[in-house]
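Trainee: From first to last, the protein sequence lines stand for chains A and B. Numbered according to my numbering, the first sequence spans residues 1 to 258. Numbered according to my numbering, the second sequence spans residues 1 to 258.
Treat the hints with care, since some could be wrong.
As the list claims (entries may be wrong) - Dumping the calculated PhoX-like pairs for lysine-lysine here, alpha-carbon to alpha-carbon at most 25 angstroms: (1) B/K243 <-> B/K189; (2) B/K189 <-> A/K189; (3) A/K209 <-> B/K228; (4) A/K243 <-> B/K209; (5) A/K189 <-> B/K209; (6) A/K228 <-> B/K243.
By construction, these hints were calculated from the structure, which means they are not laboratory data.
Protein chains: 2
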Amino acid sequence: MTRMITEGSLHRAMPDFTIVLVEPRVEGNVGAIARSMANFGFSDLVLVNPCNLGDEAYRRAKHGRPLLEAASTVTELEEALKRADITVGTTGIATKREKAFHRQTLTPWELVPKVTSMDGRVAILLGREDYGLYNEELDSVDILVNIPCGPEYPVMNISHAATVILYELHKAAASINGERPREASGFEKERLLHALGELLTAINYPEHKRRRTTVMFRRLMGRAIPSKWEFYAFMGVLRGATKTIRRLSESPGRGPSS
Amino acid sequence: MTRMITEGSLHRAMPDFTIVLVEPRVEGNVGAIARSMANFGFSDLVLVNPCNLGDEAYRRAKHGRPLLEAASTVTELEEALKRADITVGTTGIATKREKAFHRQTLTPWELVPKVTSMDGRVAILLGREDYGLYNEELDSVDILVNIPCGPEYPVMNISHAATVILYELHKAAASINGERPREASGFEKERLLHALGELLTAINYPEHKRRRTTVMFRRLMGRAIPSKWEFYAFMGVLRGATKTIRRLSESPGRGPSS
Chain A
1 MTRMITEGSL HRAMPDFTIV LVEPRVEGNV GAIARSMANF GFSDLVLVNP
51 CNLGDEAYRR AKHGRPLLEA ASTVTELEEA LKRADITVGT TGIATKREKA
101 FHRQTLTPWE LVPKVTSMDG RVAILLGRED YGLYNEELDS VDILVNIPCG
151 PEYPVMNISH AATVILYELH KAAASINGER PREASGFEKE RLLHALGELL
201 TAINYPEHKR RRTTVMFRRL MGRAIPSKWE FYAFMGVLRG ATKTIRRLSE
251 SPGRGPSS
Chain B
1 MTRMITEGSL HRAMPDFTIV LVEPRVEGNV GAIARSMANF GFSDLVLVNP
51 CNLGDEAYRR AKHGRPLLEA ASTVTELEEA LKRADITVGT TGIATKREKA
101 FHRQTLTPWE LVPKVTSMDG RVAILLGRED YGLYNEELDS VDILVNIPCG
151 PEYPVMNISH AATVILYELH KAAASINGER PREASGFEKE RLLHALGELL
201 TAINYPEHKR RRTTVMFRRL MGRAIPSKWE FYAFMGVLRG ATKTIRRLSE
251 SPGRGPSS
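Just chain A, with the same shape it has in the complex (with noise of 0.2 angstroms):
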């Protein structure tokens, strides 16, 4: 549904993109937000357990109101993302996160040539305006990205932050051409997941590690986005090696060479 506004054929190449807004609270600034979007040639705004949209979100729309009226509400982040093949999740602060929980952040300008190489939908999440995203929010995205701000007073205006992140894909659109090599869909990355899952198993893997271990994973894979290609023969490895130890454990002593 959502494409980046085409001139000619020219922005074919981009992913669709929806904006989903988690919690917002301000109505303005969801209208300021829907606004920004139509700025840039975004359409697609999903919002999870908005306040009520009134006179003032339509007023800070203006020109925006069209998409704002076609929002699409929803109770559950999980049902704004199910159409998503990548997720992408903001954050106000980037640095005290890496080091607290080994989070990696994107800047938005190095976010844009990852996600406009590949095909699908990118899921754009920008959180609450006191709290942002939760944690367990945080860790099901596949990149993170945060907008590098001066130190004294890091926490931006959501429609600021949303304004600065669709100005930088809709550059990038400006600025595409040609066609790009199509990248590994959402169904591909789970089955990535899945493989890494089960060697972890096969490894006994300690349990408390899990899941900032999957967390490292799906983000290394959400920076570096595989390629088809590249999606096999990792999961070759991930799966060569996880039957290698099954079959070692059910038959000992045939050695790992058959």
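Please build the complex by placing chain B on the supplied structure of chain A, with the hints as guidance.
Mentor: For chain B alone, kept in the frame of chain A given last:
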């Protein structure tokens, strides 16, 4: 007075910046711009014949309140520009004006290298919410900048436009500073590739595929650029798999749990 926030003396090559709002009519926008200036480390704000600034302006400014309180108010644009060495005007309708009045606009990313390489003070003018800058005001500036939007609705909110420009200026300052998270060194990357090689050997990975799988892995890691923690977590998985296989091969029948 205004400086990009300096960390050490790394930003000393940046000029000073003044943000000049010409006859802003919506106090919330003035507050939102003050917040964005605080986010990106700017502090010098001049208001030309502004609307009254009340609760809404200060509410939207949040921690940008001090710079809003310190803003100068003047009645003439000339007064606002008297300290400026270079003046930059923003316009939302680049194309028409460009054709009609031979005005060539720069994008924000074209603007940045031009102004950041200079010394002195740069004034960035943002016009009225409804009419922007008048023709005579546009005629008086040194550089015209336009933020490329989609063709359907290119008129941005004034605080969004300010944010995009401040973001681009800060980005330039940050890259002058080399403000990047720590990345995996070559040595660590080689250790990761070595660990992969050992796993490939352990699982009897076909010799003719080894080279391109290793290249694939190097490329994936090159694109993802693992953090130190991600590096160690990934090493743990690869080594864990290799060790499990070796142990099972050497002591058949013990199973994977130990």
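Trainee: Decide, hint by hint, whether the structure agrees.
Mentor: To see whether the hints hold, each was checked on the structure:
no.	hint	result
1	B/K243 <-> B/K189	holds, 20 angstroms
2	B/K189 <-> A/K189	holds, 23 angstroms
3	A/K209 <-> B/K228	holds, 16 angstroms
4	A/K243 <-> B/K209	holds, 18 angstroms
5	A/K189 <-> B/K209	holds, 22 angstroms
6	A/K228 <-> B/K243	violated, 29 angstroms
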